[in-house]
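Number of protein chains: 2
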Amino acid sequence: MEKKTVNYTLKSAADHDEDDDDLVDHPKVPGWFSEHCPIWPGQAHFLKVEKILFQGRSEYQSMMVFQSSAYGKVFVLDGALQLTEKDECAYQEMITHLPLCSIQNPNKVLLIGGGDGGILREISRHASVQQIDICEIDTMLIDVYKKYFPGIAIGYEDPRVTLHVKDGNAFIKSVPEGTYDAIIVDAFDPIRPDHELHEGPFFELVAKALRPGGVMCIQAESIWLPSLDIEHLTAKCSQKFKGSVDYAWTIVPAYPSGVIGFLLCSTEGQFVDFRNPVNPLDPNNNMGSNGVGTISADDEGTKQQVNIQEEDDIIDH
Amino acid sequence: MEKKTVNYTLKSAADHDEDDDDLVDHPKVPGWFSEHCPIWPGQAHFLKVEKILFQGRSEYQSMMVFQSSAYGKVFVLDGALQLTEKDECAYQEMITHLPLCSIQNPNKVLLIGGGDGGILREISRHASVQQIDICEIDTMLIDVYKKYFPGIAIGYEDPRVTLHVKDGNAFIKSVPEGTYDAIIVDAFDPIRPDHELHEGPFFELVAKALRPGGVMCIQAESIWLPSLDIEHLTAKCSQKFKGSVDYAWTIVPAYPSGVIGFLLCSTEGQFVDFRNPVNPLDPNNNMGSNGVGTISADDEGTKQQVNIQEEDDIIDH
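As given, the protein sequences belong to chains X and P, one line each in that order. FYI, the numbering for the first sequence is 1 to 317, going by the UniProt record's numbering. FYI, the numbering for the second sequence is 1 to 317, going by the UniProt record's numbering.
A few of these clues could be false.
Remember, identical chains collapse to one label, so a pair may be satisfied in a single copy or spanning two.
Stated by the list, open to error - Straight-line Cα separation of at most 30 Å, DSS-like style, residue types lysine-lysine; simulated pairs:
{"#": "1", "residue 1": "108", "residue 2": "236"}
{"#": "2", "residue 1": "86", "residue 2": "236"}
{"#": "3", "residue 1": "28", "residue 2": "86"}
{"#": "4", "residue 1": "208", "residue 2": "108"}
{"#": "5", "residue 1": "208", "residue 2": "146"}
{"#": "6", "residue 1": "240", "residue 2": "147"}
{"#": "7", "residue 1": "146", "residue 2": "86"}
{"#": "8", "residue 1": "240", "residue 2": "28"}
{"#": "9", "residue 1": "147", "residue 2": "236"}
{"#": "10", "residue 1": "51", "residue 2": "28"}
{"#": "11", "residue 1": "28", "residue 2": "242"}
{"#": "12", "residue 1": "240", "residue 2": "108"}
{"#": "13", "residue 1": "51", "residue 2": "146"}
{"#": "14", "residue 1": "108", "residue 2": "146"}
{"#": "15", "residue 1": "108", "residue 2": "28"}
{"#": "16", "residue 1": "147", "residue 2": "51"}
{"#": "17", "residue 1": "86", "residue 2": "147"}
{"#": "18", "residue 1": "108", "residue 2": "242"}
No wet-lab data here; the hints were simulated from the structure.
Hey, can you work out the whole structure from these sequences and the hints?
Here is the structure:
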């Protein structure tokens with residue numbers, strides 16, 4: 001789960017290592033964590049920190065895990081709250097099932113970002129899916145999630161999952177045209193260095209990687225944020241995807257404004273009505289939440305390690 | 001709008017007059033306001049205060065109005081955030097139109113609490129309504145809203161409105177059986193001193209005041225609050241109202257968890273399906289938001305002062 005629209009410069013109560021110039025207008029409270037959210041100034045949501053469980057920095061980003069009083073364990077990425085145990089389900093379920101329930105029998109699914117594994121866990125609940133590719137560049141992030149959030153990282157245990165350790169932009173370029181039924185983008189800014197996602201070629205590459213009538217779902221901010229221009233966004237995406245475009249939202253109390261939105265797009269082909277799901281989720285298929293135990297007898301029957309394809313193994317087209 | 005489930009003891013940055021014993025576990029930041037929300041400890045949502053516009057105390061409660069950076073003007077009652085200019089519409093519209101759109105041609109409507117006037121503004125948008133009674137005990141609260149939130153208190157300008165200055169419990173006892181088509185309760189704790197709303201006789205009195213197949217809507221907390229037991233609540237209400245019972249929610253970012261719920265009940269009589277409105281709101285009838293200008297030519301044609309019936313004028317039955 002990567003929820004970054006800007007370079008957050010937020011700090012937790014435990015961060016003391018950088019200068020505080022950008023925090024002049026943002027309150028700090030010892031023993032409490034808060035994002036400094038420059039996209040909606042003048043407010044701050046604080047969580048009480050019971051214990052800091054992990055702090056570290058990978059090649060790409062800084063990470064912190066803490067035990068909160070109110071939301072269970074919390075994962076912080078470059079100072080931005082990524083997810084909490086209490087409400088991660090609301091986000092992971094919606095970003096996954098909105099696209100996957102909108103088409104018949106999704107088979108091949110790509111996840112870009114989403115290194116925590118929660119979306120993998122949810123994709124796993126669709127019995128029709130045979131191939132789940134995830135492109136996540138930061139293996140340290142995955143390791144931290146596996147250690148501190150096993151109920152989320154459990155998504156990696158599904159034998160259908162293949163991890164591609166690569167930059168999302170480079171990976172999407174390498175995908176043969178029409179490969180996937182669904183692509184979920186859990187990184188509003190999946191390409192480094194930062195750039196404008198909607199104006200660049202990324203969406204066109206995603207559209208190209210989808211089969212006709214395939215679907216994409218991407219996190220698209222809160223409807224309460226003044227910076228969000230849904231009309232502009234959907235118009236842009238209509239041009240690029242050439243199928244249907246819709247906007248959805250759900251409630252995630254730990255996020256700013258308590259709401260997060262999703263942009264849903266389908267490519268030219270069979271019409272996709274995102275408001276009326278055609279592929280109901282089997283309520284008995286809870287593989288994601290209780291491990292491989294409910295994989296049907298038709299599956300290989302062995303729990304296998306997640307397949308990892310290192311960056312160099314990918315052939316760029 | 002009275003959003004109280006407990007005795008909030010919250011303090012703003014501007015409150016210095018009481019002891020701070022109960023704030024040991026709650027952060028304070030100079031120049032920022034936050035509720036101290038004992039029903040969900042370990043988190044705090046802060047709003048930056050640009051200017052305090054009003055502070056005062058009526059016979060019943062303390063009030064504060066401040067200009068925030070992020071949410072426009074904010075009204076605080078006994079330390080609890082009641083509403084903000086930015087997101088009040090989300091609350092007022094849902095608590096009003098959920099019940100009023102669920103029945104054909106609502107005629108007589110009672111509002112208990114809701115002294116700010118925003119729900120009156122929304123009720124006014126229903127052309128079928130001929131009588132709007134509001135029971136609000138605190139006239140100072142009304143005056144403060146009229147001065148600082150004219151776009152909300154505009155609801156009082158509708159000539160169909162009669163204000164009853166009385167305690168909500170006493171008033172509901174005085175209502176003849178079967179009087180109202182709809183009753184909206186905008187005070188989770190409408191009776192002072194504090195008591196258990198769901199266990200006491202209040203709901204039975206509301207049901208009695210409704211016609212057969214009439215509807216009630218009351219604020220019913222956030223689905224994210226651990227204290228909310230929707231099953232228990234709806235079971236209790238099924239017993240008391242004997243019609244249909246449902247639970248709804250909407251997003252109000254300034255409230256704890258960003259979500260607020262509503263309990264909807266109908267009395268024995270014609271079945272009410274709260275999920276499929278039968279009385280669509282006329283989108284051209286925006287009387288509430290732009291004053292009396294759009295009252296139809298069939299109305300009296302004169303803007304009149306709100307009718308006020310003082311407490312002593314009410315005959316107790």
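ask   = Should residue 28 paired with residue 86 be assigned to within, between, both, or neither, using CA atoms and 30 Å as the limit?
value = both (23 Å within a copy, 25 Å between copies)
ask   = How do residue 108 and residue 28 come out at 30 Å by Cα distance, when the copy is not named: within, between, both, or neither?
value = Answer is neither; intra-copy 45 Å and inter-copy 51 Å both fail.
message = As a check of your reading, is residue 86 near residue 147 (CA-CA no more than 30 Å) within one copy, between copies, both or neither?
response = within (17 Å within a copy, 41 Å between copies)
key: Within, between, both or neither, where residue 108 and residue 146 count as close if Cα-Cα is 30 Å or less   = Answer is within; shortest intra-copy Cα gap is 24 Å, inter-copy 59 Å.
query = Given identical chains, is residue 146 near residue 86, meaning Cα to Cα at most 30 Å, within a copy, between copies, both, or neither?
reply = within (17 Å within a copy, 40 Å between copies)
query = Is it within, between, both or neither when you check residue 108 against residue 242 at 30 Å Cα-Cα?
reply = within (21 Å within a copy, 50 Å between copies)
query = Within a copy, between copies, both or neither: where do residue 28 and residue 242 come within 30 Å Cα-Cα?
reply = neither (46 Å within a copy, 51 Å between copies)
key: Up to 30 Å CA-CA - residue 146 versus residue 208, copy category   = Neither: 32 Å inside a copy, 57 Å across copies.
ask   = Using 30 Å as the alpha-carbon threshold, which applies to residue 51 and residue 28: within, between, both, or neither?
value = both (17 Å within a copy, 20 Å between copies)
message = Cα distance capped at 30 Å. Does residue 240 pair with residue 108 within a copy, between copies, both, or neither?
response = Only inside one copy: residue 240 and residue 108 sit 21 Å apart there, 52 Å across copies, limit 30 Å.
query = Checking residue 86 and residue 236: alpha-carbon separation at most 30 Å within a copy, between copies, both or neither?
reply = Between copies, since 28 Å is at most 30 Å while 34 Å is not.
inquiry  = Cα distance capped at 30 Å. Does residue 240 pair with residue 147 within a copy, between copies, both, or neither?
reply    = The answer is neither: 39 Å in one copy and 50 Å across copies each exceed 30 Å.
Hint compliance for this structure: hints 5, 6, 8, 9, 11 and 15 are not met, and every other hint is.
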